[in-house]
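Each of the two chains sits in its own frame; use the hints to bring them together as a complex.
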Amino acid sequence: MTTTSAAPPGSRTPRRRRVGQTEAVLVVVLGALAAQSWLVPRLTDEALRTWSTVFVAIVVQAVPFLVLGVLLAAVIAHLVSDRVLARVVPSRPVLGVPAAGLAGVALPGCECASVPVSASLVRRGVAPAVALTFMLAAPAVNPVVLVATAVAFPDQPLVVVARFLASLLTAVVVGWLWVWRGGAVPMRLPRGGGAHGHGGSFLGSVQHDFLHAAGFLVLGAGVAAAVGTFVPRAVLDSVAGHVLLAVVSMAAFAFVVAMCSEADAFVAASLSAFSDTAKLVFMVVGPAMDIKLASLQVGTFGRSFALVFVPLVLVVATGSAVLVGGWLL
Amino acid sequence: MLPTTQALVLTLVGATLVRLTLTEAHLRYVNDWMRWPLLASGVLLVVVALLQVLRPGAVRTGRGEPDEQDDHGVSRAAWLLLAPVLVVFTISPPALGAWSAERSSNEVPAREAEGAELPLPPSEGPLEIEVVDFVVRVQYDDARSLEGRDVSVVGFVSGDDEGNWYVTRMSMACCAADASASRIMVTGADAPPRDSWVRVTGRWDPLDGGRPRSAMAASAVEPVAAPLDPYG
Numbered sequence: 013m014t015t016t017s018a019a020p021p022g023s024r025t026p027r028r029r030r031v032g033q034t035e036a037v038l039v040v041v042l043g044a045l046a047a048q049s050w051l052v053p054r055l056t057d058e059a060l061r062t063w064s065t066v067f068v069a070i071v072v073q074a075v076p077f078l079v080l081g082v083l084l085a086a087v088i089a090h091l092v093s094d095r096v097l098a099r100v101v102p103s104r105p106v107l108g109v110p111a112a113g114l115a116g117v118a119l120p121g122c123e124c125a126s127v128p129v130s131a132s133l134v135r136r137g138v139a140p141a142v143a144l145t146f147m148l149a150a151p152a153v154n155p156v157v158l159v160a161t162a163v164a165f166p167d168q169p170l171v172v173v174a175r176f177l178a179s180l181l182t183a184v185v186v187g188w189l190w191v192w193r194g195g196a197v198p199m200r201l202p203r204g205g206g207a208h209g210h211g212g213s214f215l216g217s218v219q220h221d222f223l224h225a226a227g228f229l230v231l232g233a234g235v236a237a238a239v240g241t242f243v244p245r246a247v248l249d250s251v252a253g254h255v256l257l258a259v260v261s262m263a264a265f266a267f268v269v270a271m272c273s274e275a276d277a278f279v280a281a282s283l284s285a286f287s288d289t290a291k292l293v294f295m296v297v298g299p300a301m302d303i304k305l306a307s308l309q310v311g312t313f314g315r316s317f318a319l320v321f322v323p324l325v326l327v328v329a330t331g332s333a334v335l336v337g338g339w340l341l
Numbered sequence: 032m033l034p035t036t037q038a039l040v041l042t043l044v045g046a047t048l049v050r051l052t053l054t055e056a057h058l059r060y061v062n063d064w065m066r067w068p069l070l071a072s073g074v075l076l077v078v079v080a081l082l083q084v085l086r087p088g089a090v091r092t093g094r095g096e097p098d099e100q101d102d103h104g105v106s107r108a109a110w111l112l113l114a115p116v117l118v119v120f121t122i123s124p125p126a127l128g129a130w131s132a133e134r135s136s137n138e139v140p141a142r143e144a145e146g147a148e149l150p151l152p153p154s155e156g157p158l159e160i161e162v163v164d165f166v167v168r169v170q171y172d173d174a175r176s177l178e179g180r181d182v183s184v185v186g187f188v189s190g191d192d193e194g195n196w197y198v199t200r201m202s203m204a205c206c207a208a209d210a211s212a213s214r215i216m217v218t219g220a221d222a223p224p225r226d227s228w229v230r231v232t233g234r235w236d237p238l239d240g241g242r243p244r245s246a247m248a249a250s251a252v253e254p255v256a257a258p259l260d261p262y263g
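Line order of the protein sequences matches chains A and B.
FYI, the numbering for the first sequence is 13 to 341, going by the numbering used here.
FYI, the numbering for the second sequence is 32 to 263, going by the numbering used here.
Any given hint might turn out to be false.
To be clear about the criterion: a stretch of chain A counts as covered by chain B if any three or more of its residues have a C-beta under 8 Å from a C-beta of chain B, and this derived list gives those stretches [to be verified]:
#: 1; segment: 39-52
#: 2; segment: 64-76
#: 3; segment: 214-221
#: 4; segment: 240-248
A few chain A positions that, by computed beta-carbon distances, are all more than 12 Å from chain B [to be verified]:
#: 5; residue: 176
#: 6; residue: 188
#: 7; residue: 189
#: 8; residue: 271
#: 9; residue: 319
#: 10; residue: 331
Hints are computed from structural coordinates only; laboratory data are not their basis.
Where a beta carbon is used, it is the ideal one built from N, C-alpha and C, also for glycine.
So here's chain B without its partners, still in its complex pose (with noise of 0.2 Å):
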């Protein structure tokens, strides 16, 4: 790789983070907290690639010399920088959505468990709660705190293999790599398009007598924009 191409290179990565963090596209991938850490080390390779390419002498001994070691130092394997590149460019990947919800398994990390056994605010209409505080709570205190009350949740639409449909969180604790799913199958009311955005009201459905399941039955569905942090 010729020195001026790995100037181009870091700073197409740098830019790359820099871009995801003004538009707020890296809440897709990682956490909030991620932005500065990706913000700095962005305009940090931007600026040591200009430096590098400002040095007296770096352009011409790049152009110059054809015979020299095929790679200048650097591994065949940097090329591979590109495709994180070309891949935000041309797919833009979204953040997780119903795909992967219907993959995973309903399992509500531990860390989510605290506070299951507290009881629910008073509150006048639907209470607002989380789909994750929702799972919890049927997962940990039988629901009893959910029984009788009116709660709405927002969340994306996914779906199974038997035509039911949930209304649907992923949560993470690093990176999307880690990404869990919370779901609450929603009865009573059609399935909105996949991976849209729903608020739904309703209550608890404990639907057949044995263990406690996180459904829904629902009141009212409507639709609403997707969140800044999908994930939060």
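So that you can see chain A by itself, here it is in the shape it has in the complex (with noise of 0.2 Å):
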């Protein structure tokens, strides 16, 4: 919808004529300034206003975010020393998978951030294991989203423990499964940021990583705000009876609708026709993989390395939760 009308403008000109590109990106926003107050009380129909106030709102929660997680990596790729990380990272990744689950911990991060900063380990050289656990891990296990899910599961403390434990073991089994087979899948980490290519400058990598990874979080969130727009609510709970529909379809909402993990526990707690192992699975899968970081590993990590990565999570992520919930829960 306006994702693609909005982007050709653009993305045509510099295939016609190279010189001119930034002028005419220019000329296409500030017509769209200039035509503001004729557009907007044109552009009226309920479905594509409430679609627009969605995606914005996506976009603007996890801009900030990210801006953090690419400072981060900046940081990593530029003044950590590789004695701070040979010394703060285990050599060996059966070791230093666990670890990267439990310094996830530590680390209250929205998932938009911790990819870039995983990206920058793996460019620093930390096995992409240890990086790839930190990245699940780091998202689902810290302190800020478990006081959310005490908060909106009250009188439930034992979903906050499954949670933690289902997400922990989600991280860690990704992660062990990586350093068995993780080998044989290629991992193409853009060229560009980090310590070359643009002159290697600390800005460059920011400017440069946060334009990659922004744009595929745009896509990603074009599309879980089409879902959430226009799928209603009752097609989720007419399934939600079925004990292995529900779990399945449970995984496959927290896909789509690609919540920041602080909230997605307020937004399980009141799907009330759903189990409770049903709601973990969407906890636990949520933070771990969803449309907009699927999007931005194509972007960050290759895309033959997304179509491996992608759906083992998904498939680790609902198996640990059906584990841990039928056993606590």
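Quick look at the structure:
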């Protein structure tokens, strides 16, 4: 919709003629600004307006966290010395994986922030399995998320425990699987960011990493907003009674609505038709993998990486949640 | 994307964030505490873009080498960043309204349920309460505290297929993507225009004798200005 119609005016320009690209973008945006008072009262379709509200909300909520992640990534890339890095990260990935999972507890970060951070760790030579475990754990098991979960599920402290354990289990299992088999999966980190390319400057990698990741974030936000706007909640509730369907649809719902991990517990709590295990699936899958993260990871680690990693995380996260939920809830 | 275009896109995104916070329009999309992170990251993006353009040689390398890497290391996806900028400027998305409220279930999030059993404070005249407070008391307290009390609530107008109308509030945990609706059906008054803001004064109306319902028999309905924070 607007995502696709907004990009072409700019993106066609460079293919035709290279000179004047910047000016073309400027003209398009200034044109939109000038036409604003004429356009706003005309674009009143309620579905379009609701979609655009949710779309802008997801982008606006995520961008500050992405900026923070990109800054942290640049710090790791440029300011942390090899000696410090070697001392902090265990040299054996098998031990580094659970350590990275627990390190996630200490670093409250949005999932959007943890993607560039872990990419930066990989560029600095940290074992991919360790960096990926950190990426999965940080948004899911930090204190902010756990407190939010406790508030959303009053009188059910076991839900908080189950969420912590299932998310940690997901991160560590994926990490160990990556130690075992990850070498076979091609990981293509974009040139330019990090220590080489673009003059290797600190600000250069901030600009590069942000532009690169934020584009994919916008794509994921557009799809998530469309799902949130146009798929009625009643469709979801209709499968709540069936055990297997409920689990699968909760995982799928978590993937497509791409909610931030601080908020998903409240939404899970409101899905009253579903069992506690199905709600746990929603809360464990969401921070580990969703459509905006998948889009970010395609951009950050390459498409062939994401084709393996995304389904793997979805399966492991759903499995961990079902196991832990069956045991505790 | 040329380096100058990269800087321009970065500036536009940063400027959009700054503008949203300065005009308070961010309250349509996210919580108020996001104001400072948004302002800080917006300013930072603009500063980074300016420093990158002012860097010696930045513009020269951009213009002079048409055969260089097509994307200068930045993927084409970066163009999509113009989408939210253009959407903010052309559609200027409003806060969520009747359209989304009518599509969400009236399930009150459990975080709001605390205190549902507390008695309402005494008052002279109608007591002002939140829409969500009313719905919670009906849902979790069988509305005992509401019985026989004159209350007034502020919200926007939404409807349903059967021609009823509701005074409505959206609330969110994180951003508009996770917003949920609280609605009180209003009886005994004609429906004001959809999506307009009203203050409804009246009493809890249990309707049919079965399960208690969130409904109000209105004694007065008056139009009010939309609040600054529509989700608050």
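Taking the hints in turn, this is what the structure says about them:
Chain B is given as covering the segment 39-52 of chain A, and this holds because 8 residues of the stretch bring a CB closer than 8 Å to a CB of that chain, at least three being needed. Chain B is given as covering the segment 64-76 of chain A, and this holds because 12 residues of the stretch bring a CB closer than 8 Å to a CB of that chain, at least three being needed. Given as covered by chain B, the segment 214-221 of chain A passes the check, having 5 residues with a CB less than 8 Å from a CB of that chain where 3 are the minimum. Residues of the segment 240-248 of chain A with a Cβ under 8 Å from some Cβ of chain B number 5, which satisfies the need for three, so the listed coverage holds.
The beta carbon of residue 176 of chain A sits about 19 Å from the closest Cβ of chain B, which is more than 12 Å, so the claim that it is off the interface holds. Residue-level check passed: residue 188 of chain A sits 31 Å from the nearest beta carbon of chain B, beyond 12 Å. No beta-carbon of chain B comes within 12 Å of the beta-carbon of residue 189 of chain A; the shortest separation is about 28 Å. Non-interface call for residue 271 of chain A relative to chain B: violated, since the shortest CB-CB distance, roughly 6 Å, does not exceed 12 Å.
Separation of residue 319 of chain A from chain B is adequate, the least Cβ-Cβ distance of about 17 Å exceeding the 12 Å criterion. At roughly 26 Å, the least C-beta separation between residue 331 of chain A and chain B is larger than 12 Å, which holds for a residue marked as non-interface.
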